[in-house]
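Asks: Top line first, the protein sequences correspond to chains A and B. Just so we're aligned: 32 in the numbering used here is position 32 of the first sequence, and the numbers increase by one with no gaps anywhere. Just so we're aligned: 96 in the numbering used here is position 96 of the second sequence, and the numbers increase by one with no gaps anywhere.
Since the hints were derived computationally from the structure, they do not count as laboratory data. There may be inaccurate statements among the hints.
[Stated by the list, open to error] Reference listing, derived: stretches of chain B covered by chain A, where coverage requires no fewer than 3 residues with Cβ under 8 Å from a Cβ of chain A:
1) 19-32
2) 52-63
[What the hints assert, rightly or not] Label pairs and their computed distance ranges (CB to CB):
3) B:P225 with A:Q9: 36 to 44 Å
4) A:A98 with B:L252: 53 to 61 Å
5) A:Q9 with B:P106: 53 to 61 Å
6) A:R90 with B:L112: 49 to 57 Å
7) A:S36 with B:R19: 30 to 38 Å
[Stated by the list, open to error] Residues of chain A clear of chain B, computed beta-carbon distances all greater than 12 Å:
8) R35
9) S61
10) G86
11) R89
12) R90
13) G93
14) F95
15) L103
Note that beta-carbon positions come from the ideal geometry of N, C-alpha and C, so glycine has one too.
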Amino acid sequence: MKADALNGQLAPLILATIAEEPAHGYAIVQRLEQRSGGAFELAEGTVYPALHRLERDGLLSSSWSLEGPRRRRVYQLTRAGRSTLGERRREWGRFAKAVEMVLE
Amino acid sequence: MSWLEQLEGELTLRGVRGRERERILLELHDHIACEPGCEERLGDPASLAASFAEELGTDMARRSALGAFAALAVTAAVLAVSQLAIGAAGGPPGFDHGHSLLLFMPAMLGMLVAPQVALVAGCLAAVRALRRRRTGSLPAAELALLRRRTRIALLAGLATALGLELYVLDFSSVLAAWWLALVGGAAAVAALALLAAMRALLRAGEIVSEAEGPSGDIFDDLPIPGSRWLGRQPWRLGALAALGVTVVMTALVWHAERSLVEGLERGVVEGIAAAAGFALLGRAIGAAPAVGGEPVAGRERGARP
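Put together the whole structure using the sequences plus the hints.
Replies: Here you go:
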């Protein structure tokens with residue numbers, strides 16, 4: 001599936017991958033790939049501008065953590081992010097159900 | 001040249017620097033360290049840098065517009081307080097009671113004309129920033145318009161603060177010391193707030209965005225009735241605005257002074273000033289529709305986006 005097909009869905013996908021536990025950029029990309037079964041042909045770098053935007057919008061917060069010699073930025077959901085994710089899940093559920101009803 | 005060095009070069013080229021650039025590079029350095037050789041999957045460094053620049057430029061331009069609006073609100077409050085309190089300070093004095101007309105004339109320009117320019121440009125900038133607050137990345141042309149509106153508003157705000165300081169200087173031997181200290185000090189504080197907002201704006205202007213799209217104009221920002229007709233010729237909106245100002249000012253002065261002649265005199269002067277302001281700055285702040293300029297994609301003139 002081409003990245004274009006995501007069409008604005010990258011943000012909720014990222015929120016969903018961090019919902020259970022905080023993660024750094026590489027782990028987020030890995031989770032996206034694992035959970036989608038490798039369905040998205042996404043340039044991995046595109047996740048980072050999205051992470052920065054979500055943080056500016058107050059849906060994520062982040063901090064540096066030191067793991068061995070490496071500094072890494074770890075992201076976690078804010079309360080607003082959790083609420084937005086819930087909202088997007090409900091929207092997606094309604095949308096998917098409607099499309100399914102038409103296609104079947 | 002490594003992938004990270006290319007990214008660093010592309011970010012620098014687009015004005016992304018300082019802590020922001022350092023953070024991006026550290027995050028991607030960590031990503032590559034997690035899986036050496038994955039650079040190809042990260043995508044083209046130029047496209048990634050462009051994405052960062054577009055989103056960062058949008059955010060900074062929007063924030064600087066709202067910051068400028070807050071600083072202008074402080075300036076407006078100082079101007080209002082100065083005029084409300086001047087009666088208790090022994091004024092307002094006649095124009096020939098000050099030190100020099102060379103101080104009085106620019107002070108009047110700063111206190112009467114500049115606030116109106118600041119009000120229009122500042123409100124238009126804030127409206128655009130709020131209207132587009134949920135858009136991650138705005139077209140370069142739209143960012144340029146937003147920054148232009150903010151810059152004009154801030155310069156006019158600074159002219160207002162300067163006008164107040166000149167007024168204080170001109171009438172320093174006539175007005176009460178407490179008023180001079182209050183207004184002189186408050187205008188200096190307002191000027192500092194405006195300068196801080198200007199600094200943020202200049203920083204936002206350093207980010208190079210290449211996102212395509214139209215800048216939009218005043219019809220995108222305000223629900224102006226008859227926009228289809230008005231949008232065909234820029235002068236129509238200017239003429240209508242000038243007429244509106246004339247009528248309102250005539251009515252206000254007529255009511256306040258109980259003289260229709262005085263009302264008409266003041267109204268006509270204000271109307272001419274509004275028309276001149278529109279002619280001078282209308283296109284720059286997107287108050288005059290873009291005729292023969294950028295196309296307004298995906299929107300028919302007059303239709304709401």
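Asks: Taking the minimum C-beta separation from R90 of chain A to chain B, is that value above 12 Å?
Replies: holds, 19 Å
Asks: 53 to 61 Å was suggested as the range; check whether the CB atoms of A98 of chain A and L252 of chain B agree with it.
Replies: holds, 56 Å
Asks: Taking the minimum C-beta separation from S61 of chain A to chain B, is that value above 12 Å?
Replies: Holds, since 14 Å exceeds 12 Å.
Asks: Classify the label on L103 of chain A as holds or violated, using whether its beta-carbon is more than 12 Å from each beta-carbon of chain B.
Replies: holds, 28 Å
Asks: A cut-off of 12 Å on Cβ-Cβ distance, and G93 of chain A was said to be off the interface with chain B. Does that hold?
Replies: holds, 22 Å
Asks: Quick check: does the Cβ-Cβ distance between R90 of chain A and L112 of chain B fall within 49 to 57 Å?
Replies: For R90 of chain A and L112 of chain B the Cβ distance comes to about 54 Å; the hint holds.
Asks: Beyond 12 Å from every chain B Cβ: check whether that's true for R35 of chain A.
Replies: At roughly 17 Å from the nearest Cβ of chain B, R35 of chain A sits farther out than 12 Å, so the non-interface label holds.
Asks: Is F95 of chain A truly not at the interface, in the sense that its beta carbon sits beyond 12 Å from all beta carbons of chain B?
Replies: holds, 19 Å
Asks: Given as covered by chain A, does the region 52-63 of chain B meet the bar of three residues or more with CB within less than 8 Å?
Replies: holds (count 4)
Asks: 36 to 44 Å was suggested as the range; check whether the CB atoms of P225 of chain B and Q9 of chain A agree with it.
Replies: holds, 38 Å
Asks: In terms of beta carbon proximity below 8 Å, does the region 19-32 of chain B have 3 or more residues touching chain A?
Replies: With 7 residues closer than 8 Å to chain A, the region 19-32 of chain B meets the three-residue bar; holds.
Asks: Is the distance from the Cβ of S36 of chain A to the Cβ of R19 of chain B consistent with 30 to 38 Å?
Replies: Once the Cβ atoms are compared, 33 Å apart, the range 30 to 38 Å for R19 of chain B and S36 of chain A holds.
In this structure, none of the earlier numbered hints is contradicted; all agree with it.
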